[in-house]
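Participant: Based on the hints, put chain B in the right spot on chain A.
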Amino acid sequence: METSLQQNRESYYLDEALWNKIRNVLLLVAVVGWAASAYGWAADGYNFYGSYLVNFMFWLTIGWGAAFFVAVQHITTAAWSVTVRRIMENVMITLPVMAFLFIPVAVGIPTLYEWAQPGYFDIEHNPNLQFKALFFSAPLYVARVVTYFFVWSALAVVLYQNSVAQDQGPSEEARRNLRWWSAPGVLVLTATVTMASVDWIMSLDPHWYSTIFGIYVFSGGALAFIALVTLVALALRKAGYLRETITIEHYHDLGKWMFALTVWWAYIAFSQYLLIWYADLPEETVFFKHRMEGTWIYLSALLLVGHFIVPFLALLSRAAKRNLAVLGLTAFWILVIHGMDLHWLILPSVHPHNFHIQWLDVTTFLATGGVFGLAFWRRFRRRAMVPAGDVRLPESLAHHNI
Amino acid sequence: MAQKKLYGAVAEFPSPAALLEAARRMREHGYTRMDACTPFPVHGLDQVLGIPHSPLGYIAFLGGAAGFVAAILLQWWTGAVDYPLIIGAKPLFAFEPSIPIIFELTVLFSAFATVGGMLTLNRLPRLHHPLFELDAFRRVTNDRFFLAVEAEDPKFRSDETKALLESLGAKGAALVEEEG
Chain A
43 METSLQQNRE
53 SYYLDEALWN
63 KIRNVLLLVA
73 VVGWAASAYG
83 WAADGYNFYG
93 SYLVNFMFWL
103 TIGWGAAFFV
113 AVQHITTAAW
123 SVTVRRIMEN
133 VMITLPVMAF
143 LFIPVAVGIP
153 TLYEWAQPGY
163 FDIEHNPNLQ
173 FKALFFSAPL
183 YVARVVTYFF
193 VWSALAVVLY
203 QNSVAQDQGP
213 SEEARRNLRW
223 WSAPGVLVLT
233 ATVTMASVDW
243 IMSLDPHWYS
253 TIFGIYVFSG
263 GALAFIALVT
273 LVALALRKAG
283 YLRETITIEH
293 YHDLGKWMFA
303 LTVWWAYIAF
313 SQYLLIWYAD
323 LPEETVFFKH
333 RMEGTWIYLS
343 ALLLVGHFIV
353 PFLALLSRAA
363 KRNLAVLGLT
373 AFWILVIHGM
383 DLHWLILPSV
393 HPHNFHIQWL
403 DVTTFLATGG
413 VFGLAFWRRF
423 RRRAMVPAGD
433 VRLPESLAHH
443 NI
Chain B
1331 MAQKKLYGAV
1341 AEFPSPAALL
1351 EAARRMREHG
1361 YTRMDACTPF
1371 PVHGLDQVLG
1381 IPHSPLGYIA
1391 FLGGAAGFVA
1401 AILLQWWTGA
1411 VDYPLIIGAK
1421 PLFAFEPSIP
1431 IIFELTVLFS
1441 AFATVGGMLT
1451 LNRLPRLHHP
1461 LFELDAFRRV
1471 TNDRFFLAVE
1481 AEDPKFRSDE
1491 TKALLESLGA
1501 KGAALVEEEG
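Chain order of the listed sequences is A and B. Counting in the numbering used here, the first sequence runs from 43 upward without gaps. Counting in the numbering used here, the second sequence runs from 1331 upward without gaps.
Same shape as in the complex, but just chain B:
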């Protein structure tokens, strides 16, 4: 049996407003490594949790730039260097007819980078999450709002953090373990 280690403390709230208020108070107490799970998107939650803007846009841009360069090199090298062949009295390489392929590869590579980047940033795919150990967590897709404080948080003190969450209007709080 693998060794267990603490994932963090998780608390259950009855409404989005209660969750937002608790998250705001936890931030005031100096907690930084928090996550929230809700049945639907809650406006303002990202700001309250202090989640920075996703770098995914830059990853998509880099993917697109790579596709842009790759398309030019591909068409120039195959058409003008490796197998030069005059077709329809057109130049061996010209930007005009190359632009549709440049456009397509830019879109394709940026799409790959976006999907790949999104999965990597979300640490997906994964088959299990420690929060699933909690029976109460099943209602997260229905009518319950959860706030988790990860054990990695420098302010995290297991019982103290759990007690603090309970004092902020949680219907219940628990410590969750994960496979080490």
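Extracted from the complex, chain A is given alone in its bound form:
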């Protein structure tokens, strides 16, 4: 399987036995997760759907971040990221599988979403609701969901196939395809991501609205995506792989991205909060009111400190971004806090009274994570872990931060 495209001395291919071992672990996680979640669903359907939605969105937002980042690398013809791009692509190509993971959410729509109750939109007495009633009518809703998964899967497959096609040697046609599809792909991706965030999270509280909401969810997903890529690269490094390929210079750049996206998330989160605080309109402030009542205030405070201040200070200095222990720890923390962020967005609308972690949060995390992990890990089998035939690989290997 080794190609003559090898740029340095180490193998770009994973050992089959190691691959099998990890696959078995992921399979076990998925089976245990689904069995426990199925029991939870039978015992407590209402709470199951809330927890499931949080964890479904956790992996989906990471997939969004992947599709966005891979496309941006092609638009900018970036060289620094080539050595980590295959890991990014393997995350991105989980997007088609997310369509199957959406099924439990679809089943839970009548339970989770108030607007799904028959006659919820009282158009006769309130003509203003006409648009919302139409927007959430079954045909339009189904059409949107089908469009989302079609667009995300198509973009992921095109970007993945054209990259893998070059593993046996550079192809000008593949490069042209990647460049051609990336720019419109990003536009369509951001539009559908915004709509999906509205459909699946914002509409949990059908009266509330925030025009920045889609970017808020997207920014958290992009941040968690970079954190996941960093952790996967570090894990491969620990197992002895890609030590000379993903160098300290690439980790430094991943650290810069984590830092930048931490600030971006905070910027979006604060922009949403400030405008609502300043206007002080009841139909807008209700969102934050729910999240400041009872023990939810602790989660809100945790997000301020843990989603912004901690990673900001942790990654501020150059030395920290070049310290793999600090980088790995911060990446892990960012993934935890991204889960907390989605918990904060979704669950105050589902069980409004108190912030608590229930066992269904854990089992649905394992269930969705197991399937996501298998879809991700499948792409590591007998395939190069680096875009070996990419014309920019030598440039990426020589990458050097001033």
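Worth flagging that the hints you see were computed from the coordinates, not collected in a lab. Just to be clear, a hint being listed does not mean it is correct.
Sample of chain A residues with no beta-carbon within 10 Å of chain B, all distances over it, derived [unchecked claim]:
# : residue
1 : Trp76
2 : Ala158
3 : His167
4 : Leu182
5 : Val328
A few chain A residues facing chain B, derived, Cβ under 10 Å [to be verified]:
# : residue
6 : Val352
7 : Phe354
8 : Ser359
Some, not all, of what chain A presents toward chain B, calculated at C-beta under 7 Å [what the hints assert, rightly or not]:
#  : residue
9  : Phe177
10 : Leu316
11 : His442
On a predicted model such as this, the values are computed, not experimentally measured, just so you know. All residues carry an ideal CB built from backbone N, CA and C; glycine is no exception.
Facilitator: Below, chain B alone, put in the same frame as chain A:
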């Protein structure tokens, strides 16, 4: 006429590789006060010359911290102390609406500190440099690579240093004077 004093010895090299090798050898001989002038950035030159990481980041951070504090004091003092005026039923001072200005002043002050710090650390602006006295130095923006050993270097012995540079593959070496 002002008194002249020695600036240092400077040598001319034909390629980045020759410059890097010469700088490495000079370091092995114990020279520490060296500078290099090249037409484009040369990878690894900073490490070979032993130039430490710039403290500019810390200067920028201090500037940013000053802006952060100044913005809070400015808004609190003008809004809640010096001229308290209730606008739109909002508190006289609150962090929520103050954050954009805190952010802006943090960025502004850190930008000032960075530019000012960069100029100070580079000893800029200056109108002349002793190396400009050397005719051969004109090619530094084209195809020549220069290594200078400053007279302040404790190992510096004018003729000995110049001879050493010449022995390291320099196309030519000279002693340069500056206005005292």
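Participant: Now, for every hint given, state plainly whether the structure supports it.
Facilitator: How the hints compare with the structure:
Non-interface call for Trp76 (chain A) relative to chain B: holds, since the shortest CB-CB distance, roughly 44 Å, exceeds 10 Å. The claim that Ala158 (chain A) is not at the interface with chain B holds, since no C-beta of that chain comes within 10 Å of its own (minimum 35 Å). Remark: the non-interface label on His167 (chain A) is consistent with the geometry, its nearest Cβ contact in chain B lying 32 Å away (cut-off 10 Å). At roughly 37 Å from the closest C-beta of chain B, the C-beta of Leu182 (chain A) stays outside 10 Å, upholding its exclusion from the interface.
For Val328 (chain A), the condition that its CB be more than 10 Å from all CB atoms of chain B holds, with the nearest at approximately 17 Å. Restraint check, Val352 (chain A) versus chain B: the minimum CB separation of about 17 Å is more than 10 Å; hint violated. Using the Cβ-Cβ criterion of 10 Å, the hint placing Phe354 (chain A) at the interface with chain B is not satisfied: the shortest such distance is roughly 12 Å. With 10 Å as the threshold, the beta carbon of Ser359 (chain A) comes within range of chain B, its nearest partner Cβ sitting at about 7 Å, so the hint holds.
Against a cut-off of 7 Å between C-beta atoms, the interface hint on Phe177 (chain A) is violated, since the closest Cβ of chain B lies about 32 Å away. The beta carbon of Leu316 (chain A) comes within 6 Å of a beta carbon in chain B, closer than 7 Å, and the hint placing it at the interface holds. Annotation: His442 (chain A) was flagged as interfacial toward chain B, and the flag holds, the nearest CB pair being 6 Å apart, inside 7 Å.
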